[in-house]
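Peer 1: If you read the protein sequences in the order shown, they are chains Z and U.
Residues in the first sequence are numbered consecutively from 1, following UniProt numbering.
Residues in the second sequence are numbered consecutively from 1, following UniProt numbering.
Some hints could be false.
Copies of the same chain look alike in the list, so a pair counts if it works inside one copy or between any two.
What the hints assert, rightly or not - Okay, derived cross-link-like pairs now, DSS-like style, lysine-lysine, Cα gap no bigger than 27 Å in a straight line:
{"no.": "1", "residue 1": "274", "residue 2": "285"}
{"no.": "2", "residue 1": "224", "residue 2": "285"}
{"no.": "3", "residue 1": "611", "residue 2": "555"}
{"no.": "4", "residue 1": "84", "residue 2": "285"}
{"no.": "5", "residue 1": "335", "residue 2": "224"}
{"no.": "6", "residue 1": "321", "residue 2": "337"}
{"no.": "7", "residue 1": "147", "residue 2": "8"}
{"no.": "8", "residue 1": "274", "residue 2": "146"}
{"no.": "9", "residue 1": "285", "residue 2": "335"}
By construction, these hints were calculated from the structure, which means they are not laboratory data.
2 protein chains.
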Amino acid sequence: MANLLVDKRDQIFVLKEMLEIDRLCSFPRYASHAGYEMVLNEAHTFANTELSPTAVDGDQQGCLYDPKTKAVTFPQSFHKPYQKFCEGGWLTMCDSPDVGGDGFPSAVGTAVSEVFYACGFYIYGAAELTHAAAKVIEAYGSEEQKKSYMTKLFAGEWMGTMCLTEPDAGSEVGAVQTVATRNGDGSYAITGTKIFITAGEHDLAGNIIHMVLARVAGDPPGTKGLSLFIVPKFLPDGVGNAGERNDVYCTGIEHKMGLHGLVTCTMAFGDSGKCTGYLLGEQGKGMAEMFHMMNEQRLLVGVEGLSFSTSAFMNAVDYTKSRVQGLSVYPGADKQKSVAIINHPDVKRMLLTMKAYVEGCRSLAYFTSSCMDNAGVADGADRARWQGLVELLTPIVKAYITDNAWTVTALAMQCAGGYGYCSDYPFERLARDCKVTTIFEGTNGIQAMDLMFRKILGNNRVNFNNLLEMIDQTIEKGAADAEISVYAAIVKRAREGLARIVEEMAASSAAGNSLDLYAKTSPFLEAMGDVLLGWLHLWQLTVANPKLQGFIENKSEDEIAKILNKNKNAAFYDGKVLGARFFIGTLLMNTFGKFEQIRSGAAPVISIGEKSFTG
Amino acid sequence: MANLLVDKRDQIFVLKEMLEIDRLCSFPRYASHAGYEMVLNEAHTFANTELSPTAVDGDQQGCLYDPKTKAVTFPQSFHKPYQKFCEGGWLTMCDSPDVGGDGFPSAVGTAVSEVFYACGFYIYGAAELTHAAAKVIEAYGSEEQKKSYMTKLFAGEWMGTMCLTEPDAGSEVGAVQTVATRNGDGSYAITGTKIFITAGEHDLAGNIIHMVLARVAGDPPGTKGLSLFIVPKFLPDGVGNAGERNDVYCTGIEHKMGLHGLVTCTMAFGDSGKCTGYLLGEQGKGMAEMFHMMNEQRLLVGVEGLSFSTSAFMNAVDYTKSRVQGLSVYPGADKQKSVAIINHPDVKRMLLTMKAYVEGCRSLAYFTSSCMDNAGVADGADRARWQGLVELLTPIVKAYITDNAWTVTALAMQCAGGYGYCSDYPFERLARDCKVTTIFEGTNGIQAMDLMFRKILGNNRVNFNNLLEMIDQTIEKGAADAEISVYAAIVKRAREGLARIVEEMAASSAAGNSLDLYAKTSPFLEAMGDVLLGWLHLWQLTVANPKLQGFIENKSEDEIAKILNKNKNAAFYDGKVLGARFFIGTLLMNTFGKFEQIRSGAAPVISIGEKSFTG
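With these hints in hand, go ahead and build the complete structure from the sequences.
Peer 2: Here's what the structure looks like:
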């Protein structure tokens, strides 16, 4: 059967041949985990056999809400796979053995996440939130809180949520109105309504632990007055079990474009005045603590976008290889016999575009995770450098990958024509599912502001310049190889264009003209994402091209065709090289237009008033 | 209540101030129709009051299929509006009085279509197919066929379909396997299966007249052997009524991403060997006759894409004006009070991007229709010139507008954040609905090939050069106006870039190197669409800017702000001018990158083999 999820060969290429993850395994922290290929294999098997069947139920049955009992049920078919997922210890594969984890590098965890999201394992999103809740308790919780909650969350036995958004506090988190009032026994009474809560209520786990942003009564307005609270659905009974029902209920669920298999709840805290919560960490430090969860989630949302794209791409390859329609336009082709549509240039162009984005975005996501891994084994300035790169790249992973997912899934639908629009194939579902990734965990517009103002200008371009240094090393390596140098030159031109824009923006900002910059954050993020993909494709070219040459050097065209036809590894490197050449030599040309766009001024955007949008 | 459908003021601007439709009314053919503004007003009223309520039923209830009776039912709420639509004579507003029409210019008809599609009047698609069926019978039918079918179709009393696609004949129409065998009485027995048939079966009209592409037994393979047949659901009884049930049945309906309110059927012809059809026009001329329908439909699909975009845009303006969230970043703004999000630069950028595309695409669609109108009152070479422009522009109207609809509807969702993804608002429905427009009536990839090979290279660039001549006239006019000349210069640069690419492509083609061109058709169509929008925005600028200046010339900033705040017309021209300046001065910059992309060669696309797409 064709692989319709993720190209495992490319995953291994990025991890092993490009990022050289094996080097990490020389550090004691990861020493016992040279076996990551085996784990990735297991993830693929588990995804294909146990998890993939949940995709259709998740989309078509969806999650049901009963207004009488205020209960939410997942499709019945979700329960067993989730059980097996927990038993497999997948949730803690990258965590410390101290908390029951396996200590794998994050880059490997990201590769596994890509597989699990791609197979329509909707509850993986809820599981990842559970993991994030456990991590924030690990970081800020008291010993008692760790004992009561963390262990059960890491095991997936209880699940977790992240409760920020309210009807009038979306992108403006500081407007949160949920209040926490001291009960006198160290606990707090929580009152308020949270919306858009992923897996806020369901029947998959014995308890749900809400991580709730609220304001202690009397604390100042804005984000500075926010604290983080643990609000369990069932209060722990003191001996490790779920006890008394807490006054937190689901009052409705959203009807969404997609992601039907992962419920989105409105949660009422303390409607009967009896919702108990426990302060986590310090009062007034809620935002910083929540961002401990949030940063991890933003990277994962990028991976989600990647997963939907990659599955759409794999399905498109499969469909176009089997759908026969139309004559070949290649010279010398049979003019009587129709061919599989993968042989039509416009279809190849769509597939190669998807491939270039998917594989470029994969390397971006894995690279960012490997920066986390490198930070984990580095010291001092080196550690700060890796950590800085993670911070810089997080908004790009989140926004650039998910924006492209909308384009890639549409191209996949287009490859399948009318069938792409019908639910017999997964194309339309993947497009519907992917859209939310541009919105949740901070809209992509919020990411773009974060990138420019906090991550680049906010630290005087230190992280940005560190990144340029890495890019320059790759360009230098590429320039030294005669077969690649033309692509190195294009990436150099792109890198210089980007650096120039950043310099101009820094100058504007220093001169107090930052208003214009606000109109350019999103186009800038897009252009920077393009340049990063150009760099990463060049990096891949420096690795893959010599290997391809090893197969085809000094061979005739006919011999090459035979080799590519028979040898899967040679065909993989051929695809790799052509994908990279297409991205840098063709798609990256668009970026030079985007640079012109960014530098063209923002006067109409800044000056238009709301009345001039007529109707 | 806010207008959430189409900006009527802009429709009138394009029709009256830009295209000067009133000039057409000096010709006898259109002389009695200076009252088109009134008709457009009526269309808006009818859409808002009668039609808009069908949108939610259409999407959420959808059309139901009963496998026992093989019947399809539309939502109950569709019947009355459809009745009123027929009674209003909307279907024939642009047809000749000879067939009961009102003889309005097509450009006016296009404006009305935009309104009817935008309000979620799903059956308008079926109605337009009915109109197309009537037109093809008008053009090719015998007097008896006109009497039996045409009149009832034009009245909407009976409805029509277009049956081309089969399981193995999608983009490759010539592969059609449906067979017509002579019965001996002048009629034919039809046998075959058609799929993706819009409104192939339903309960909205007393009869359904299928226009079926089939091959007379013994005729050659390929498109040359195809003929067009009239296959009624009920055979006419000879005295003007629906008589005996014909052997054509719906055997299933598609479950689609969107457009739930317009059923897509699989139709079985002659499963019991008793399906009667009647040859329309000449045997073996089926393709040419079908294209008589198809060309009109392709323009209408472009208008559909426009409608979904325009409604998404209007809803986004409305939402962002009322949603309060976050502080203003403008200097001097109140740092305590949150503002409506339309005041945030990144939101304005999204809105202005939508506005520039929507209004640019509107002018493209109306201009193309006005070319048809001009052809209708011109003679000889002049007529051929207008007709040639329609042919040239048809694939661009179809593909460029619908591709942009995917982008515009996504931007609208983004403006509404989480709410954009939920079905309480129309955003997500509009995105789902619009996607099919890039696929049906010939995928956008097919349109791109049609544009380059048939419409540009196929006629030695005659039509293309005629278009350039019109563009040059606008550039000349713009260059002469000091306030606009900078935009005229950018459009000139874009026009020259496009012309250069076409010259290079013609040279490639003449040298027998057309294989590379096949890899570039879609990016070329996109770039050409951009340049057209640049031209049309420049044209609009030459009209709107002097009018805006009339309001604000020599006024202080404060006075201007007051004028724009109070005077709706001034605010409209201000928005018009800023939208055009943003498109030409900012968005069109991207096109210079696209030119580089197109000229960068197509080697990876052409050379990659299917094995190199691994998985």
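Peer 1: Each hint: holds or not?
Peer 2: Do the hints match the structure? See the list:
no. : hint         : in the structure
1   : 274 with 285 : within (24 Å within a copy, 78 Å between copies)
2   : 224 with 285 : within (7 Å within a copy, 75 Å between copies)
3   : 611 with 555 : between (67 Å within a copy, 18 Å between copies)
4   : 84 with 285  : neither (37 Å within a copy, 62 Å between copies)
5   : 335 with 224 : between (72 Å within a copy, 15 Å between copies)
6   : 321 with 337 : within (15 Å within a copy, 57 Å between copies)
7   : 147 with 8   : neither (38 Å within a copy, 64 Å between copies)
8   : 274 with 146 : within (24 Å within a copy, 76 Å between copies)
9   : 285 with 335 : between (71 Å within a copy, 22 Å between copies)
In this structure, the earlier hints numbered 4 and 7 are contradicted, and the remaining ones agree with it.
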